[in-house]
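Participant: Protein chains in written order, with this note's numbering: chain P, 1 to 268; chain V, 1 to 268.
FYI, nobody ran anything at the bench for these hints, they're computed from the structure. One should not assume that every hint holds.
Said to hold, decoys possible - Among chain V residues calculated to face chain P with C-beta under 8 Å, some are:
1) I118
2) L119
3) Y164
4) L166
5) N174
6) L183
7) D186
8) I191
9) V193
10) Y217
11) L244
12) P246
13) K248
14) H249
15) D250
16) T252
Claimed, not checked - Computed Cβ-Cβ distance ranges for the label pairs, DEER-style:
17) V:R212 - P:P147: 26 to 34 Å
18) P:S152 - V:T155: 24 to 32 Å
19) V:E207 - P:E76: 42 to 50 Å
20) P:D150 - V:A25: 47 to 55 Å
21) P:K189 - V:L257: 16 to 24 Å
22) V:Q38 - P:S146: 49 to 57 Å
23) V:K97 - P:R212: 25 to 33 Å
24) V:E238 - P:P184: 54 to 62 Å
25) V:P184 - P:Y67: 34 to 42 Å
26) P:K13 - V:T155: 55 to 63 Å
27) V:E207 - P:A25: 42 to 50 Å
28) V:L257 - P:E264: 30 to 38 Å
29) P:E76 - V:L183: 34 to 42 Å
30) V:Y145 - P:Q228: 27 to 35 Å
Virtual Cβ for every residue (Gly too), placed ideally from N, Cα, C.
Number of protein chains: 2
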Amino acid sequence: MDIKLNQEPDMKKPLILVTNDDGIAARGIKTLIDVAKQLGDVIVVAPDSPQSGQGHAITLEQPLRLYKVDLFEGVEAYECSGTPVDCVKLAKNVLLKDRELNLCVSGINHGSNAAINILYSGTLSAAMEASLEGVPSIGFSFLNYSPRADFSACTGFAKALMKYVLQHGMSKGNLWNVNIPDLPADEIKGIKVCRQADARWVEEFVEATDPRGQKYYWLTGRFVNEDQAENTDIWALENGYISLVPSKHDLTNYEALDELQSLEILTS
Amino acid sequence: MDIKLNQEPDMKKPLILVTNDDGIAARGIKTLIDVAKQLGDVIVVAPDSPQSGQGHAITLEQPLRLYKVDLFEGVEAYECSGTPVDCVKLAKNVLLKDRELNLCVSGINHGSNAAINILYSGTLSAAMEASLEGVPSIGFSFLNYSPRADFSACTGFAKALMKYVLQHGMSKGNLWNVNIPDLPADEIKGIKVCRQADARWVEEFVEATDPRGQKYYWLTGRFVNEDQAENTDIWALENGYISLVPSKHDLTNYEALDELQSLEILTS
Chain P
1 MDIKLNQEPD MKKPLILVTN DDGIAARGIK TLIDVAKQLG DVIVVAPDSP
51 QSGQGHAITL EQPLRLYKVD LFEGVEAYEC SGTPVDCVKL AKNVLLKDRE
101 LNLCVSGINH GSNAAINILY SGTLSAAMEA SLEGVPSIGF SFLNYSPRAD
151 FSACTGFAKA LMKYVLQHGM SKGNLWNVNI PDLPADEIKG IKVCRQADAR
201 WVEEFVEATD PRGQKYYWLT GRFVNEDQAE NTDIWALENG YISLVPSKHD
251 LTNYEALDEL QSLEILTS
Chain V
1 MDIKLNQEPD MKKPLILVTN DDGIAARGIK TLIDVAKQLG DVIVVAPDSP
51 QSGQGHAITL EQPLRLYKVD LFEGVEAYEC SGTPVDCVKL AKNVLLKDRE
101 LNLCVSGINH GSNAAINILY SGTLSAAMEA SLEGVPSIGF SFLNYSPRAD
151 FSACTGFAKA LMKYVLQHGM SKGNLWNVNI PDLPADEIKG IKVCRQADAR
201 WVEEFVEATD PRGQKYYWLT GRFVNEDQAE NTDIWALENG YISLVPSKHD
251 LTNYEALDEL QSLEILTS
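Okay, chain P solo, but in the shape it has when bound (with noise of 0.2 Å):
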């Protein structure tokens, strides 16, 4: 597999912010830090703690904490108590005001953000929230759940789309959800720009007894993909390919948006 457009990026040094949801001492944020390095200036806020399935969750109710940790060598580095979203929230806000970023890029993560999980993803909705900041941005997931994932084979791809994007820029209101099968880098056959797959989760919640005698749930749940298609990105990762999905903040749905006109009767 042989990388192109490796040229250097042509601007200067540009701003980088890595987040993710898997907490700051991830071993998918480490991957992606270093990589950034090799690109630009790089500034991390990431969770002080797994934050996996927050969606696009902001915290409200409650003060949030930001403190500086010395966890990257030459990077400054904050630990943050809320979501994902809320460090690019406090990145952008507190930490960078005035200052242009060039790039967000979020994870790696520890496991797919293929299909519908762009909706549950910490990581992808750090990514969206930069995208609606009016940052290009990033979502990079590795398909190994272990925490002991090792991510050399993630490595060449992220710095190479970090570096297109950087050269390219990303249109407005765009973000990109890149997933990684979890295939050494020699076996893997190239980057496949598709859709995200209609598939769902058949969820089935364990039931069980506490240690007090009070009934409680825990959500488990089976991923089923009924999208075979070729544009996919299901079917990219079950062959081979890393997908990649350009996806948007506006969750209009623009077909529909005609059909519906005749509602308009309703009102007088």
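Guided by the hints, dock chain V onto chain P, whose structure is given.
Facilitator: Below, chain V alone, put in the same frame as chain P:
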């Protein structure tokens, strides 16, 4: 204002799930339950405490509690310790199992969920979760933030829209984001089917020191809308209309798919 489509739904008694993010004791959900009861059998599963800003968060690291409550006459109702999305998952997978759900309504939220607030809103995320499960769903919000808000202006419109969906269905993967201006019913000009305005929050964190001398940050913000187009939800609301944004959970940016095919040259 004259609401048409006032014949009763031509079907067996439909089953309607009601949820929200302000918590089961909020006034807004009581209003929605009263309307839903006029249209079908109702089941309520709502958070036991306010969950504003929870977005699409789900509870992975903790057990969930689900307790039957006797709050709404003639209606089976449960309070849940989790997020709005957890409530929908529990309703669909634990309580209803194979029973067909014909509609999910969420709200009525105390405050706006127009424009990008669909992403932060637990109310809308609950509706989106139902849409992921194949259930037609509507999130309702009223532009009055008071816990003592008078929702009487909302009821006729909410009923008309729910009836419309029960009669006509909703195409798969869709949900409606409905916001209602804070006006007396007879001053509301009607319903506008529109797109999500490209607005944003300008964050202004309050920075202060806690009793132990530690610095904290508290999220606040100013909603800024530079998108003045007349086909947006913000325009509709500012001009006395109810906004209805047909929305979807497929976040793929289809316009960007073609543009980005060149990225596949990264691979060889």
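Participant: For every hint, state whether the structure bears it out.
Facilitator: Structure-based check of each hint:
1. I118: This hint holds: I118 (chain V) lies near chain P, its Cβ roughly 6 Å from the closest one there, short of 8 Å.
2. L119: With Cβ-Cβ at 5 Å, under 8 Å, it holds.
3. Y164: Where the cut-off is 8 Å and the nearest Cβ of chain P is about 7 Å from Y164 (chain V), the hint holds.
4. L166: Constraint on L166 (chain V) not satisfied, violated at 14 Å.
5. N174: holds, 6 Å
6. L183: Hint violated; L183 (chain V) Cβ to chain P Cβ min 13 Å, cut 8 Å.
7. D186: Check failed: Cβ of D186 (chain V) comes no nearer than 12 Å to chain P, outside 8 Å.
8. I191: With a closest approach of 5 Å, the I191 (chain V) hint holds.
9. V193: holds, 5 Å
10. Y217: Since chain P brings a Cβ to about 5 Å from Y217 (chain V), closer than 8 Å, the hint holds.
11. L244: holds, 7 Å
12. P246: holds, 4 Å
13. K248: Holds: closest Cβ of chain P sits about 4 Å from K248 (chain V), inside 8 Å.
14. H249: holds, 6 Å
15. D250: With a closest approach of 6 Å, the D250 (chain V) hint holds.
16. T252: Since chain P brings a Cβ to about 4 Å from T252 (chain V), closer than 8 Å, the hint holds.
17. V:R212 - P:P147: 26 to 34 Å: Given about 32 Å between the Cβ atoms, the range holds.
18. P:S152 - V:T155: 24 to 32 Å: Roughly 59 Å apart at Cβ, these two residues miss the hinted range, so it is violated.
19. V:E207 - P:E76: 42 to 50 Å: Violated, at about 18 Å.
20. P:D150 - V:A25: 47 to 55 Å: The hinted range 47 to 55 Å holds for D150 (chain P) and A25 (chain V), with Cβ atoms some 49 Å apart.
21. P:K189 - V:L257: 16 to 24 Å: Given about 19 Å between the Cβ atoms, the range holds.
22. V:Q38 - P:S146: 49 to 57 Å: holds, 52 Å
23. V:K97 - P:R212: 25 to 33 Å: holds, 27 Å
24. V:E238 - P:P184: 54 to 62 Å: With a Cβ separation near 56 Å, E238 (chain V) and P184 (chain P) satisfy 54 to 62 Å, so the hint holds.
25. V:P184 - P:Y67: 34 to 42 Å: violated, 50 Å
26. P:K13 - V:T155: 55 to 63 Å: holds, 58 Å
27. V:E207 - P:A25: 42 to 50 Å: The hint (42 to 50 Å, Cβ to Cβ) is violated, given that E207 (chain V) and A25 (chain P) are roughly 26 Å apart.
28. V:L257 - P:E264: 30 to 38 Å: holds, 32 Å
29. P:E76 - V:L183: 34 to 42 Å: violated, 49 Å
30. V:Y145 - P:Q228: 27 to 35 Å: violated, 46 Å
In summary, the structure is inconsistent with hints 4, 6, 7, 18, 19, 25, 27, 29 and 30 from the numbered list given earlier, while agreeing with the others.
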